[in-house]
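Working from the sequences, and respecting the hints, build out all of it.
Line order of the protein sequences matches chains A and B. The opening position of the first sequence corresponds to residue 4 in the numbering used here, with each subsequent residue numbered one higher. The opening position of the second sequence corresponds to residue 1182 in the numbering used here, with each subsequent residue numbered one higher.
Please keep in mind that the hints were generated in silico from the structure rather than gathered at the bench. Using N, Cα and C, we set each Cβ at its ideal position, and we do this for glycine too. Treat the hints with care, since some could be wrong.
To be verified - Chain A is nowhere near these chain B residues, computed Cβ spacing over 10 Å in every case:
hint: 1; residue: His1206
hint: 2; residue: Ala1211
hint: 3; residue: Ala1219
hint: 4; residue: Ser1229
hint: 5; residue: Gln1237
hint: 6; residue: Trp1244
hint: 7; residue: Gln1322
hint: 8; residue: Ala1348
hint: 9; residue: Val1362
hint: 10; residue: Ser1389
hint: 11; residue: Leu1401
hint: 12; residue: Gln1403
hint: 13; residue: Asn1431
hint: 14; residue: Ala1432
Claimed, not checked - Residues from chain A shown here face chain B by an in silico Cβ test under 7 Å; the list is partial:
hint: 15; residue: Ser39
hint: 16; residue: Trp63
hint: 17; residue: Leu125
Claimed, not checked - Selected chain A positions facing chain B (in silico; Cβ < 7 Å):
hint: 18; residue: Thr12
hint: 19; residue: Gly31
hint: 20; residue: Asp50
hint: 21; residue: Glu52
hint: 22; residue: Thr55
hint: 23; residue: Ala145
hint: 24; residue: Ile170
hint: 25; residue: Gly179
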Amino acid sequence: MTTALDDATELARRFAAGDERALAEIYGQWSSLVYSLAIRSLGDATDAEDVTQKVFVAAWQGRERFDPARAALSAWLVGITRHTIADTHQARTRERAITEQVSAITGDETAPAPEVDLADRLLIADEMARLDPLPRAVVRLAFFDDLTHLQIADRLQIPVGTVKSHIRRSLNKLRGRLEVSHGTH
Amino acid sequence: MEHTDPEVLALIALGEPLTDPVVDHLSLCASCRHEIEALRSTVSVARSAIGEAALQAPPARVWQSVRAELGLAADLEPAAPASSEPSRDSPRPVVQLDVSRERRARIRRLIVPIAASAAAAAIVAGGVLWWGATAPRDTGQLIASAQLDALPDWPTASGQATVSERADGERVVQVSLDTEVGDGVVREVWLLTENVDGLISLGLLTGSTGEFLVPASVDLSQFSVVDISAEPLDGDPTHSGDSIVRGPLNA
Chain A
4 MTTALDDATE LARRFAAGDE RALAEIYGQW SSLVYSLAIR SLGDATDAED VTQKVFVAAW
64 QGRERFDPAR AALSAWLVGI TRHTIADTHQ ARTRERAITE QVSAITGDET APAPEVDLAD
124 RLLIADEMAR LDPLPRAVVR LAFFDDLTHL QIADRLQIPV GTVKSHIRRS LNKLRGRLEV
184 SHGTH
Chain B
1182 MEHTDPEVLA LIALGEPLTD PVVDHLSLCA SCRHEIEALR STVSVARSAI GEAALQAPPA
1242 RVWQSVRAEL GLAADLEPAA PASSEPSRDS PRPVVQLDVS RERRARIRRL IVPIAASAAA
1302 AAIVAGGVLW WGATAPRDTG QLIASAQLDA LPDWPTASGQ ATVSERADGE RVVQVSLDTE
1362 VGDGVVREVW LLTENVDGLI SLGLLTGSTG EFLVPASVDL SQFSVVDISA EPLDGDPTHS
1422 GDSIVRGPLN A
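See below:
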């Protein structure tokens, strides 16, 4: 985990220093999160693609304003994503006002969701989806069915020690994913 | 001073009871307490992530546009994260809910291929894991029921669903379905939102009836439609789109 955090810090430093390859790496690491946040909020793949493009263009152009000592790069990106999504919602509202003079649409949810919490949720869900089938089944039973490790062992017919070790290792993986996203150094 | 076993700390973070020696140690050890707190906040995010899908990667053209707009080297490619998944070009609608229903502009929301059925994937991949509920200890109080009607591809199918709440507060969905499916196909029970913007797998139906626990955090007023689908055993945890029967829960 320390390694992941160190890597993230090193990457952030190269990015701030204007290394194009760092941008490519950052895109590789975080474009899925940016795109998923946009698609969740906007519900439209084309708009989400636009947002994703804008976020990375804005990040590169604004890289001098990014201070690796103050924030995690991913948190900074999520902040840009939140603003860009909000702008898109606003543009849509204006568009509707012009084109839909007679409209039955009421109560459209234009308020952006709290993206930071959503970002955490999406990251964790993503990490869970990447677990192997057995540890994934174990943690799902622990998280969502509230079973104890003894009940899980019984349910899945596997040794108690295996359940405990899957729980610990999986929980550490999930935590590591959140720490890379939040950690500053 | 010997610290508490990390496996025990993880269980405590999940809410399992503490033994006396552990309590004694924790009262003295800030480091173990801190560890529990950190794990606990991870658990709380994870518990809120029920029904969320894995992240989706944007299509390759997005990077090409970024590269062009910023004038970066033409051969610069994004480095894939260590454990990346194959990207999909666009969100795949999980299920065509009602062909006759017009999509209204205001529900232009994403129909996410929610991998709530990571559990289903586990079953398919693992082959031996059974995800359904244990048989409820008591029959509980009936809180909702649904008549499950056939979809056009399954004209002779029909089924029923009831939801009851047991004395311990657990909610149990009981379904019955008279339709069999062919070899290499299983039947999966789902809860859907009315607009199909959310989808939760309850598990696989073996036989003509089955009982499934509803996770405590699921709001049945939102996930108010019971759906049973035919799922090919292809390892894809998302809904196949081939629903056999479906019906709204009525209190």
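Now the hints, each set against the structure:
1. His1206: Since the minimum Cβ distance to chain A is about 17 Å, B/His1206 lies beyond 10 Å and the statement holds.
2. Ala1211: Per Cβ check, B/Ala1211 is outside 10 Å of chain A; nearest 18 Å; holds.
3. Ala1219: Non-interface label fails for B/Ala1219: nearest chain A Cβ at 6 Å, not farther than 10 Å.
4. Ser1229: Label violated. Min Cβ-Cβ 6 Å, cutoff 10 Å.
5. Gln1237: violated, 5 Å
6. Trp1244: violated, 6 Å
7. Gln1322: holds, 20 Å
8. Ala1348: Holds: least Cβ distance 16 Å, greater than 10 Å.
9. Val1362: For B/Val1362, whose nearest Cβ neighbour in chain A is about 23 Å away, the distance exceeds 10 Å, so it holds.
10. Ser1389: holds, 23 Å
11. Leu1401: holds, 15 Å
12. Gln1403: holds, 14 Å
13. Asn1431: Given a closest Cβ separation of 25 Å, the condition holds.
14. Ala1432: holds, 24 Å
15. Ser39: holds, 5 Å
16. Trp63: This hint holds: A/Trp63 lies near chain B, its Cβ roughly 5 Å from the closest one there, short of 7 Å.
17. Leu125: Holds: closest Cβ of chain B sits about 6 Å from A/Leu125, inside 7 Å.
18. Thr12: This interface hint is violated because 16 Å lies over the 7 Å limit.
19. Gly31: holds, 4 Å
20. Asp50: Since chain B brings no Cβ nearer than about 10 Å to A/Asp50, farther than 7 Å, the hint is violated.
21. Glu52: holds, 5 Å
22. Thr55: Hint holds; A/Thr55 Cβ to chain B Cβ min 5 Å, cut 7 Å.
23. Ala145: holds, 5 Å
24. Ile170: holds, 5 Å
25. Gly179: A/Gly179 check fails; min Cβ-Cβ to chain B is 9 Å, beyond 7 Å.
This entry does not satisfy hints 3, 4, 5, 6, 18, 20, 25, going by the numbered hints stated previously.
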